[in-house]
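Go ahead and model the full structure; you've got the sequences and the hints to work with.
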Amino acid sequence: MSTLLETLLSEYSNEYNFDMSVVQYKLPKIYHGGKDFDLSQRWYVYYSYLNPSTGKMQRQNPIYMNVNRDYNTVVDRMKRLKSISKNLTELLKNGYSPYSDSEIKEKYNIKEAIEFAYEIKASTLAQTTIPEYKSRKNKFIKFLESNSYDVISADEFPKKYLLNYMNDIIKNNSGKTHNNHKVVLSSLFEILKSNEIIKNNFLTDINNQISNPKKNKSYSNKQLEILFDEISKDEKILLFIQFVSYNFLRPIEVVRLKFEDLKIDEKPAYLQVKAKNKPLKTKLIPSILLKELQTLQYSDSKDYVFKTNDKGIATTEINRRNYFSAEFKKIKDKLGLGEEYTLYSFRHTFITKLFRELRKERTELETYDLLMKITGHSTLKALKAYLRDIDAELAEDYSEFLE
1 MSTLLETLLS
11 EYSNEYNFDM
21 SVVQYKLPKI
31 YHGGKDFDLS
41 QRWYVYYSYL
51 NPSTGKMQRQ
61 NPIYMNVNRD
71 YNTVVDRMKR
81 LKSISKNLTE
91 LLKNGYSPYS
101 DSEIKEKYNI
111 KEAIEFAYEI
121 KASTLAQTTI
131 PEYKSRKNKF
141 IKFLESNSYD
151 VISADEFPKK
161 YLLNYMNDII
171 KNNSGKTHNN
181 HKVVLSSLFE
191 ILKSNEIIKN
201 NFLTDINNQI
211 SNPKKNKSYS
221 NKQLEILFDE
231 ISKDEKILLF
241 IQFVSYNFLR
251 PIEVVRLKFE
261 DLKIDEKPAY
271 LQVKAKNKPL
281 KTKLIPSILL
291 KELQTLQYSD
301 SKDYVFKTND
311 KGIATTEINR
321 RNYFSAEFKK
331 IKDKLGLGEE
341 YTLYSFRHTF
351 ITKLFRELRK
361 ERTELETYDL
371 LMKITGHSTL
381 KALKAYLRDI
391 DAELAEDYSE
401 FLE
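Residues 1 to 403 (full-length UniProt numbering) are what the sequence shown spells out, left to right.
If you are wondering where the hints come from, they were derived from the structure by calculation, not from laboratory data. Do not rely on the hints blindly, as some may be mistaken.
[Stated by the list, open to error] Straight-line alpha carbon distances no greater than 20 Å define the calculated DMTMM-like cross-link-like pairs of lysine to aspartate or glutamate that follow: (1) 263 to 303; (2) 160 to 119; (3) 258 to 339; (4) 263 to 292; (5) 233 to 333; (6) 134 to 119; (7) 373 to 235; (8) 258 to 229; (9) 79 to 155; (10) 182 to 168; (11) 283 to 261; (12) 139 to 119; (13) 258 to 235; (14) 276 to 389; (15) 258 to 300; (16) 307 to 292; (17) 139 to 168; (18) 329 to 339; (19) 307 to 190; (20) 329 to 230; (21) 137 to 115; (22) 182 to 115; (23) 137 to 112; (24) 329 to 317; (25) 281 to 317.
Structure, rendered in structure tokens:
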């Protein structure tokens, strides 16, 4: 791989000499198959540059950029070649020289660089995170291609184009979407920087936008009563929600459970599952849930507890999570609950209930200590932040101070 000029050098390299040593280069031109715009011929951009060794203008290698392979109409080929010619002209005006280095260095255009960085980043991501990165990476590449920026060398890609993209994101989306795109792109640009493909990560200079995310709202006791009356009509959905409510698992953790992960014959009974912050999380199965699990039947211990179809056809954990989220959405929509109520809301609701009950009998520190073991939070700081976020602890009645 190489720069705009070095990447896709044609196997054809014809030299033409001109006695024009006064100027450094001749502006790029387009060969379009002759006056008839013959699509059967190879179209390309060509230009000449002053050879420092001879002092004469020398025709450089034609630039094809897969135009003949990817574009089959006159209009499309001309549009693409004009974009290449425009970008090449800008590079020449900014001082680019095909003779600047004694040896050709391996370089990337910006599209190739982003794909390279994504491959490295994806190898470190969890399966649940990869689709988010891939989607945002593809959106950025689509922006590059639609503006013909994709052929620009990565180390010459201007900051203003990146700013334009991020401005488009914030104009058409929320602050949260902007910030999420920034996180993904910044991680990719940081990889390029660490691999010396670019000099600077411009994303670090872009400020985050104010984000007002909608919380997964906790349920009231009345809502829980109505919900469980409806949910109990579907045993599979009911058990799924019981894992979220009583074992405080995240929905993505629930769909990872296999029957072999449920150690219901051990004393005490427990389960093991891959968690958000550790490879394997071990959690006690409370008796309120254990009695439900003891009635489960299965033929293969390696089967998932929650399948999306009766045949057990394999699919990704994201698809399994989305399936159960969609099934629950049918129920909550029927009951008129808004989008702020989700499967996650059960986790928040029951952790809040547990916290408030524990505080009736234990000190604050004792409550935190026990709750960390139950919820799986790895640090006290993380637990406190979570409890604040879901408004688990309410202040004592302060009316006497207002009288």
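Hint check:
no., hint, verdict
1, 263 to 303, "holds, 14 Å"
2, 160 to 119, "violated, 25 Å"
3, 258 to 339, "violated, 30 Å"
4, 263 to 292, "holds, 13 Å"
5, 233 to 333, "holds, 16 Å"
6, 134 to 119, "holds, 10 Å"
7, 373 to 235, "violated, 28 Å"
8, 258 to 229, "violated, 27 Å"
9, 79 to 155, "violated, 25 Å"
10, 182 to 168, "holds, 12 Å"
11, 283 to 261, "holds, 11 Å"
12, 139 to 119, "holds, 16 Å"
13, 258 to 235, "holds, 17 Å"
14, 276 to 389, "holds, 18 Å"
15, 258 to 300, "holds, 9 Å"
16, 307 to 292, "holds, 17 Å"
17, 139 to 168, "holds, 12 Å"
18, 329 to 339, "holds, 9 Å"
19, 307 to 190, "violated, 39 Å"
20, 329 to 230, "holds, 12 Å"
21, 137 to 115, "holds, 8 Å"
22, 182 to 115, "holds, 16 Å"
23, 137 to 112, "holds, 12 Å"
24, 329 to 317, "holds, 18 Å"
25, 281 to 317, "holds, 17 Å"
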